[in-house]
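Chemist: Chains as they are written, first to last, in numbering that gives the first Met the number 0: chain F, 0 to 325; chain R, 0 to 286; chain P, 0 to 334.
The hints are simulated quantities; they were obtained by calculation from the structure and are not laboratory data.
As the structure is a prediction and not an experimental result, all values here were calculated from the model.
Treat each hint with caution, since some may be false.
Stated by the list, open to error - Simulated crosslink set (PhoX-like; lysine-lysine; CA at most 25 Å straight-line):
| id | chain 1 | residue 1 | chain 2 | residue 2 |
| --- | --- | --- | --- | --- |
| 1 | F | Lys-110 | F | Lys-79 |
| 2 | R | Lys-148 | F | Lys-200 |
| 3 | R | Lys-182 | F | Lys-173 |
Stated by the list, open to error - Stretch-level coverage of chain F by chain P, calculated; a stretch enters the list once three of its residues show a Cβ under 8 Å from a Cβ in chain P:
| id | region |
| --- | --- |
| 4 | 99-109 |
| 5 | 212-218 |
| 6 | 251-261 |
| 7 | 294-300 |
Said to hold, decoys possible - Beyond 10 Å from chain F on every Cβ pair, some chain P residues (computed):
| id | residue |
| --- | --- |
| 8 | Asn-65 |
| 9 | Ser-159 |
| 10 | Val-220 |
| 11 | Ala-256 |
| 12 | Leu-272 |
| 13 | Ile-273 |
Where a beta carbon is used, it is the ideal one built from N, C-alpha and C, also for glycine.
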Amino acid sequence: MTDARQPLLKVRDLKVTFGKGSHAVSAVAGVSFDVYEGETLGLVGESGCGKSTTGKALMRIVEPSSGSIELDGADLAGLKKGGRQLRNIRTRMQMIFQDPISSLNPRRRVKDIVAEPLDCWKTVTGHDRDVLVSDLLSKVGIDPAVYGNRYARQFSGGQCQRISIARSLAMRPKLLICDEMVSALDVSVQAQILNLLEDLKAEYGLTLLFIAHDLAVVKNVSDRVAVMYLGKICEIGPADALYEAPAHPYTKFLLGAALEADPDSPMNAQVLEGEPPSPMNPPSGCRFRTRCPNATEKCASEEPQPQEVAPGHQVSCHYPLSITRK
Amino acid sequence: MLELEEMALVERPEKKKPLGPLFWLCVGWIALNIFGAIFANVLPLQNPLYQNYSAINVGPSLHHIFGTDDIGRDIFSRIVYGSRVSIAVGFGSMVIGFGIGAPLGMLAAYRRGRFDTILTTFMYILLAFPAIIATIAVLSFWTPRSVFKIILVIGLASVPLVYRVIRTATLSVATKDYVIAAKVQGAKDRRILMKELLPNIAPIGISFLLIGIATVIALEGTLAFLGLSVTTPTPSWGNMINESRTVLQQNPWLAIFPSLALCLFLLSLNFIGDRLRSHFDVTEVKL
Amino acid sequence: MTDVSEKLLIVEDLSTTFATAGGPLPAVANISFDLGRNETIGIVGESGSGKTVLSRTIMGLQPRTNVSVTGSVLLDGNEMVGASEDFKRRLWGTEVAMVFQDPMTSLNPVMRIGKQIDEALRVRLGMSKQDAKARAIELLELVGIPSPVQRYKAYPGQLSGGMRQRVVIAIALACSPKLLMADEPTTGLDVTIQAQILNLLDELKERLHMSVVLVTHDLGVVATRTSRIVVMYAGRIVEIGATRDVFANHRMPYTRALLESSPKVSNASHTRLITIPGRPPNLLKLTQGCSFAPRCSYATDKCHQERPELQAADQPGHSFACWNPLPTTRGDSAT
């Protein structure tokens with residue numbers, strides 16, 4: 000099903016290491032995945048698992064230490080930092096940040112913020128620029144006539160996130176990386192932004208990499224989901240299949256801990272004990288083995304490689320949970 | 000205060016406190032002083048160097064509204080002319096200090112890396128020397144002294160201070176998401192510095208600039224008091240106070256009026272700087 | 000159970016108004032509810048709903064100036080509104096204790112965690128140094144901190160977020176309070192850690208026979224952990240009742256909107272979420288009508304002009320404030 004489509008973004012063995020020598024922390028320890036054109040890939044995991052760092056490394060906001068990133072066949076990881084080629088990629092790949100308020104310059108007018116990419120690239124100028132900016136603002140539900148001249152600091156979190164979205168779409172990128180874009184928002188505002196994102200995705204033909212810690216949010220927007228633990232992807236597969244029948248024990252615990260707004264939902268029958276180990280000193284073999292109830296000696300000595308348990312559903316575990324659909 | 004945070008989330012209004020009449024009074028006072036300094040030649044003032052031996056140590060009168068000094072010069076006229084030195088030194092040396100310190104500070108904080116490390120270490124070594132003693136030492140050897148030399152020496156001495164303030168201010172802004180966002184949009188470094196960083200540092204810069212000018216003017220007064228500023232008979236507020244020492248008993252006016260001029264000017268500058276700082280909500284950086 | 004003396008906390012017509020530059024800001028208005036012994040009640044609302052101000056007002060923790068509190072908070076027979084600082088200080092810790100949202104700011108970063116627990120024990124309960132240390136280690140063990148003897152000497156910075164929150168809970172429990180106010184105790188924690196902390200709170204409540212007020216924005220947190228919930232909007236209670244009733248038979252459109260706009264794990268991919276247009280009102284510019292009316296699809300002229308009072312629903316203890324309530328979905332009363 001997904002095979003027919005071309006991967007827009009191809010990530011292979013991406014690694015990001017902070018610090019040097021004995022203080023080195025490998026925040027991302029070899030991550031490989033594809034994002035197909037037109038789909039939404041959800042990247043989910045707990046804090047410190049490296050999901051945000053992965054997103055930033057793709058944008059080259061942090062420097063990957065090794066691995067390859069291919070966007071539409073062109074390698075990004077090898078491009079010179081601050082070079083012209085890397086800058087050119089910015090028109091095709093954009094990012095939305097977690098903190099809506101700090102991602103907008105408080106001392107600039109909303110119109111100018113949205114026009115920033117246009118002014119950088121000088122693709123659209125003069126009257127056309129103003130028309131395009133007004134159009135973008137209306138698309139995200141901000142009335143340009145009323146709010147266009149206001150300063151960013153006068154807006155609420157939800158409105159700031161709308162403005163961020165408008166800005167990121169100005170150059171009509173193909174890929175949009177959303178880093179925890181709704182986690183700072185209230186439930187009712189969060190729903191508005193998620194719906195808006197889905198609408199714009201269809202209208203602009205976007206491909207999304209949606210990074211979040213909230214399993215329910217990820218499920219609602221994603222076609223496929225990748226689960227990260229301590230710098231590695233432990234499971235990746237179609238969203239519905241993965242949530243219904245997780246093959247990795249960690250995914251199962253993660254889903255079990257997610258709280259449903261339903262008094263009849265089972266009350267966390269199984270709670271994952273302990274806390275993730277430090278990425279400075281990750282366990283040998285499988286990174287989850289220290290908390291995994293099924294771990295054996297093999298898990299300590301041998302690192303599990305991704306194996307396919309169903310079409311498009313891969314898991315990195317020596318003892319994947321049996322996939323029997325209910 | 001969590002309550003206030005919660006309120007702020009409901010709506011983030013434009014909370015601008017009015018600057019108040021005192022602020023504008025101070026601005027007016029500074030403007031009047033600068034106007035006097037620039038147009039002293041044109042204004043109907045008496046010659047500040049003319050020695051009227053028939054009116055020595057006269058108190059305030061209609062003819063000499065601030066009185067005359069011990070060799071019969073008009074004090075009011077000397078104060079207006081004297082403000083030229085004070086104001087020129089204050090603004091001039093800050094132009095040099097900011098001209099060099101501010102761009103370096105911004106660049107260092109934005110680029111980070113080795114450039115920042117080397118420059119910052121160098122500046123901190125300079126800061127370790129007491130600036131006033133260095134200024135005094137240089138000025139006492141570099142004769143004859145002129146306004147230009149004083150401006151140059153104080154200006155250069157202030158570079159590390161300006162550098163430190165601007166660098167710290169930039170650091171707090173440069174890590175904000177909107178700077179990263181601008182980079183991601185494809186903005187070039189110069190554009191980021193001018194459009195994203197500068198507007199956010201400017202309020203801190205302006206308040207520091209005003210307070211810096213005030214400090215330098217006071218410093219010039221100190222130097223003049225020590226006889227290290229412009230040479231007499233050119234009047235400056237500092238050397239007028241210095242000269243008044245010997246005749247303090249006979250003619251206190253000679254000390255009171257220049258001191259008052261200096262005080263009011265500094266007070267106004269400091270007040271404007273402080274007001275602007277709270278107006279722009281500058282709290283991140285200690286000046 | 001319904002006997003008045005059985006109630007640990009009785010809040011009546013409580014209002015907290017801040018004096019601001021823009022005029023009086025009614026952060027909490029006319030709140031009444033009660034809480035039985037060994038009961039957990041959830042207070043749910045979005046930011047600006049007044050839930051945090053409410054919990055602090057109940058504690059008597061409002062700032063000294065620019066605030067006026069009216070109404071009554073009866074905590075185990077002690078009136079908190081208008082009480083002196085001294086009087087309240089005697090109740091803090093022994094009657095009521097609080098767990099804050101951010102464990103990093105509620106712990107002193109330069110003090111060993113053991114000392115921070117000791118302090119309460121020695122000052123409040125007059126324990127000797129050795130007794131206090133023994134009790135502190137006991138408390139650390141109680142809240143599930145591994146190797147408590149070693150951790151006794153740790154600084155907050157050396158612990159993870161989840162462990163710090165456990166320490167905060169240990170401090171709150173030091174003087175065996177009867178009521179634990181937990182203000183967003185798991186916000187900012189990872190889901191697996193959140194589950195651990197919520198389970199811990201539940202377990203401690205049973206073991207120590209406490210009552211808990213769980214303040215949160217997350218309906219998932221209160222769904223299975225509370226017996227009753229209070230839904231707040233713009234400083235007022237808009238719906239209150241047994242958790243099951245509020246979830247299944249909510250009558251107030253805001254409650255429904257809140258429930259429907261939160262994404263669910265069981266939803267299929269690309270499920271369209273039902274949203275409430277607009278955002279919470281500016282508390283300085285409240286109209287005389289229902290605060291939710293501007294965002295409500297059921298609103299009529301009456302809603303804009305007249306504020307609805309709480310009225311009883313079919314189930315006992317369940318009431319809502321709405322002129323045009325949603326029809327009951329289930330006829331049977333769940334309790």
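Chemist: So, for every hint listed, does it hold in this structure?
Modeler: Against the structure, the hints come out as follows:
| no. | hint | in the structure |
| --- | --- | --- |
| 1 | Lys-110/F to Lys-79/F | 32 Å, violated |
| 2 | Lys-148/R to Lys-200/F | 64 Å, violated |
| 3 | Lys-182/R to Lys-173/F | 18 Å, holds |
| 4 | 99-109 | violated (count 0) |
| 5 | 212-218 | holds (count 6) |
| 6 | 251-261 | holds (count 10) |
| 7 | 294-300 | violated (count 0) |
| 8 | Asn-65 | 24 Å, holds |
| 9 | Ser-159 | 5 Å, violated |
| 10 | Val-220 | 6 Å, violated |
| 11 | Ala-256 | 6 Å, violated |
| 12 | Leu-272 | 4 Å, violated |
| 13 | Ile-273 | 7 Å, violated |
The structure shown violates the earlier hints numbered 1, 2, 4, 7, 9, 10, 11, 12 and 13.
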